[in-house]
Amino acid sequence: MAYKPQYGPGTSTVAENRRRQMNPDIELEKVREVTDEDVVLVLGHRAPGSAYPTAHPPLAEQQEPECPIRKIVEATEGAKAGDRVRYVQFVDSMYNGPSQPYQRTYTECYRFRGIDPGTLSGRQIVECRERDLEAYSKWLIETEMFDPALTSIRGATVHGHSLRLAEDGLMFDMLQRCILGEDGVVRYVKDQIGEPLDREVLVGKPQDDAWSKGKSTIFHSLVGESYRDDEEYIEYIVRVHTLRTKYGFMPTEE
Amino acid sequence: MGKIERSQKLFLSALKEKFEGQDQEAVKTTFYNFGGLKQSPRKREFMKAAKGIEMERGISMYDPEHCHLGGLPMGQRQLMTYEVSQSGVFVEGDDLHFVNNAAMQQFWDDIRRTVVVGMDLAHATLQKRLGKEVTPETINEYLHILNHAMPGAAVVQEHMVETHPGLVDDCYVKVFTGDDAMADDIEPQFLINIEKLFPAEQAEVLKKEVGKSIYQAIHIPTIVSRTCDGGTTSRWSAMQIGMSFIAAYRMCAGEAAVADLSYAAKHAGVSQMASILPARRARGPNEPGGIKFGVFSDIVQANRKYPNDPARASLEVVGAGTMLFDQIWLGSYMSGGVGFTQYATAAYTDNILDEYTYYGMDYLKDKYGYDFKNPNPDTIVAPTQDVVNDLATEVNLNAMEQYEQYPTMMEDHFGGSQRAGVMAAACGLTCSIGTGNSNAGLNGWYLSMLMHKEGWSRLGFFGYDLQDQCGSANSLSMEPDRGLMGELRGPNYPNYAMNVGHQGEYAAIVGGAHYGRNDAFCFDPLIKVTFADPSLSFDFAEPRREFAKGAIREFKPAGERSLIIPAR
Chain D
123 MAYKPQYGPG TSTVAENRRR QMNPDIELEK VREVTDEDVV LVLGHRAPGS AYPTAHPPLA
183 EQQEPECPIR KIVEATEGAK AGDRVRYVQF VDSMYNGPSQ PYQRTYTECY RFRGIDPGTL
243 SGRQIVECRE RDLEAYSKWL IETEMFDPAL TSIRGATVHG HSLRLAEDGL MFDMLQRCIL
303 GEDGVVRYVK DQIGEPLDRE VLVGKPQDDA WSKGKSTIFH SLVGESYRDD EEYIEYIVRV
363 HTLRTKYGFM PTEE
Chain U
215 MGKIERSQKL FLSALKEKFE GQDQEAVKTT FYNFGGLKQS PRKREFMKAA KGIEMERGIS
275 MYDPEHCHLG GLPMGQRQLM TYEVSQSGVF VEGDDLHFVN NAAMQQFWDD IRRTVVVGMD
335 LAHATLQKRL GKEVTPETIN EYLHILNHAM PGAAVVQEHM VETHPGLVDD CYVKVFTGDD
395 AMADDIEPQF LINIEKLFPA EQAEVLKKEV GKSIYQAIHI PTIVSRTCDG GTTSRWSAMQ
455 IGMSFIAAYR MCAGEAAVAD LSYAAKHAGV SQMASILPAR RARGPNEPGG IKFGVFSDIV
515 QANRKYPNDP ARASLEVVGA GTMLFDQIWL GSYMSGGVGF TQYATAAYTD NILDEYTYYG
575 MDYLKDKYGY DFKNPNPDTI VAPTQDVVND LATEVNLNAM EQYEQYPTMM EDHFGGSQRA
635 GVMAAACGLT CSIGTGNSNA GLNGWYLSML MHKEGWSRLG FFGYDLQDQC GSANSLSMEP
695 DRGLMGELRG PNYPNYAMNV GHQGEYAAIV GGAHYGRNDA FCFDPLIKVT FADPSLSFDF
755 AEPRREFAKG AIREFKPAGE RSLIIPAR
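From first to last, the protein sequence lines stand for chains D and U. Just so you know, we're using my numbering here: the first sequence kicks off at 123 and counts up by one. Just so you know, we're using my numbering here: the second sequence kicks off at 215 and counts up by one.
FYI, nobody ran anything at the bench for these hints, they're computed from the structure. A couple of the hints might just be wrong.
Stated by the list, open to error - Cut-off 30 Å, straight-line C-alpha distance, at most; resulting in silico cross-link-like pairs (DSS-like, lysine-lysine):
1. D:Lys312 x U:Lys257
2. U:Lys252 x U:Lys262
3. D:Lys312 x U:Lys252
4. U:Lys223 x D:Lys335
5. D:Lys335 x U:Lys242
6. D:Lys335 x U:Lys217
Claimed, not checked - Just the calculated beta-carbon pair ranges, DEER-fashion:
7. D:Gly303 x U:Gln599: 34 to 44 Å
8. U:Arg495 x D:Val207: 24 to 34 Å
9. D:Gln128 x U:Met275: 54 to 64 Å
10. U:Arg495 x D:Tyr369: 48 to 58 Å
11. U:Leu680 x D:Pro180: 55 to 65 Å
12. U:Gly677 x D:Leu319: 28 to 38 Å
13. U:Gln599 x D:Ala182: 53 to 63 Å
14. U:Asp592 x D:Lys126: 21 to 31 Å
All C-beta atoms, glycine included, are put in the ideal place defined by N, C-alpha and C.
Generate coordinates for the entire structure from the input sequences, incorporating the hints supplied.
What follows is the structure, encoded as structure tokens:
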């Protein structure tokens, strides 16, 4: 029988949203558009229009060793070109940010190739070849994985995910990399590491509360769905813990 | 599981003080208008002090308005104060950094400079090999000499240099025994009186454990263990013990029997506070990484003072343990960092962990009939997997909901590692106190971690990926190299050796298993008795209160050098 991923347990909307994000067979809704140059500016790794710095010559110009794995796994475009490895890091508000750190990692692992994600409580970083990174970042910004108010691209000084929201609804950012304009549009005025940009990068209007709640992938008893109410989810975790505990005894068949 | 009502929210008064005039349940607030660093009196004090130092030494120093993020100082949001839990004292975060807190330093100093040395081996040598008479009078005379010699004074040779008593006034030796008649014969100044210091039930057990033996509780000078290291303590102590025996019993300084006394004092009769660490950790005995959790729970004395509140007793261990293991051991010894202060303080400030733990106590009583105010081995709950799962699930869900319902509390514990440690500690303590089983407590910790991670799709920093996501499998295991009873685990236990926000809580979980049964001790009765001594510089029954005193600069430490330096 062919393996069919289940992506995760749960009967709640949160659980369903998590499965949707992870499942690569589902095309996520494109909510906004940003240009390739916008992405390059916010990432801050290279000047728009400049060539990709390389870590090694293109694979086609190298004498590749005889290796069965290389025949099975096709290199990504960035790897083929010899791009260096760079990163994008997201901060997700606990007040119904549409994606959350582990959720991002799981989703990226299902949908992207050639990545190295790192997951923390207040931020999630993913590293890969630079041109692949730009393509992935564009998708992460344009789709329902992103909310201009509740998601933020930050390389450093990331505190904010657990803080109350500012009066204008934006997640706290000590460096105020993005601001809410009078036109209601959120714009990045600094790149992810906090360097001022030559021009603003517009990422659209914040989603309304109903959208945020409907797309949320975090349980939250005050502003969203209560974890306790998804009994299937709780039961699944307890089962995993119990089985792992029993495994610790190294049981053997009599 | 099933939520229970608990109207008392222990954290609310702290939140109201910290976020004065604000709606604790509101999701929105204002930022960027607090005046940066200058909102904090302590930061202002630092800046002023640094200016003076720069003028004096001609080298730049603390300059946060220039150096922090290229000119963007901290304080774009409110720089909070913290209430040291159950002390009623509000302090600034900086005051809980161990460098700024003399009580925290003394806590560790008092452990590092302590060894326990039995007297029976020495007495046998004196009596059987040398034919000396050992009586209460000779023991008292020996102790008199030893309290002269231990701080660094000469007893045998002429024309010797000695230490200034004012610099080593924290150094002394007392003895204890389980033999009431012998205890009566020891001069009170030299006796740790088990009968008087412990509740009656605990005293009986401890006296039985100690038996007719006599043990010396030795505290070498703070200034010595600071200048040298924890490995010095047994050596310094043994040297003075040997010299004092020679003086008290008129022995020949060179005779071979002295070697027997030295061997007993240095090796055969010694209890170190911490075992030696492997070479890659590069620490000798009596350094923090070698303190077994069972020993640490005996060092902290809160269960002696609060025998009818195992939650309180355990929470004191959390405070003491996170300070030592996170702030000093991992924060500086191991990582070389400036101390993981805010990982640790989350567990002993603002009564947040306290509230979650007492919720667990109420749940134990409500669902299982275990009355934590009357801890008793006969009333504990059997530590089955179902019980652990139920307790940890309910306590963890409650904790998550409290963070959600009070956004200022979420903001207080702004880091996931803080929340993870606190929630898992509440779960672990509930399981260990209720079942009297430390490994059951550890197992509850790991269920909390898994549940937290899945609920909020986040946990702590990278390290939590290893330790907390495979911990279920080793928490009840006794397999060599992957399992051990909680009492014998410690900061250097394989999976525990690299991650802040865990070790202090684990120690408390181990302690809780015994406090929940009203045991007199967790692992070592000798260490339990040793740290009951009221003459110690630090009060080990109230570590959090002592840390608060240190924070407000009211704690008087030992080992000061003001006698021999110019007045400032």
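Now the hints, each set against the structure:
Only pairs whose Cα atoms come within 30 Å are accepted, and Lys312 (chain D) paired with Lys257 (chain U) is accepted, the gap being roughly 28 Å. Distance check on the hinted pair: Lys252 (chain U) and Lys262 (chain U) sit about 11 Å apart at the alpha-carbon level, within 30 Å; holds. At most 30 Å may separate the alpha-carbon atoms for a hinted pair to count; Lys312 (chain D) and Lys252 (chain U) meet this at roughly 25 Å. In summary, the hint linking Lys223 (chain U) to Lys335 (chain D) is supported, as the alpha carbons are separated by about 28 Å, within the 30 Å threshold.
With a CA separation close to 16 Å, the supplied pair Lys335 (chain D) and Lys242 (chain U) stays within the 30 Å bound. Among the hinted pairs, Lys335 (chain D) with Lys217 (chain U) is consistent with the structure: their alpha-carbon atoms are about 24 Å apart, no more than 30 Å. One distance hint, 34 to 44 Å for the beta-carbon pair Gly303 (chain D) and Gln599 (chain U), is violated here, with the actual separation near 56 Å. With their beta carbons about 33 Å apart, Arg495 (chain U) and Val207 (chain D) fall inside the hinted range of 24 to 34 Å.
Between Gln128 (chain D) and Met275 (chain U) the CB atoms are about 58 Å apart, so this pair conforms to the stated range of 54 to 64 Å. The beta-carbon spacing between Arg495 (chain U) and Tyr369 (chain D), approximately 29 Å, falls outside the hinted interval of 48 to 58 Å. In this structure, Leu680 (chain U) and Pro180 (chain D) break the distance hint of 55 to 65 Å, their C-beta atoms being roughly 37 Å apart. As the Cβ distance of Gly677 (chain U) to Leu319 (chain D) is approximately 34 Å, the hint placing it in 28 to 38 Å holds.
Distance hint check: the CB atoms of Gln599 (chain U) and Ala182 (chain D) are about 57 Å apart, consistent with the given range 53 to 63 Å. In this structure the hint that Asp592 (chain U) and Lys126 (chain D) lie 21 to 31 Å apart at CB is violated, the actual value being about 52 Å.
Checked against the numbered hints above, the structure violates hints 7, 10, 11 and 14; every other hint is satisfied.
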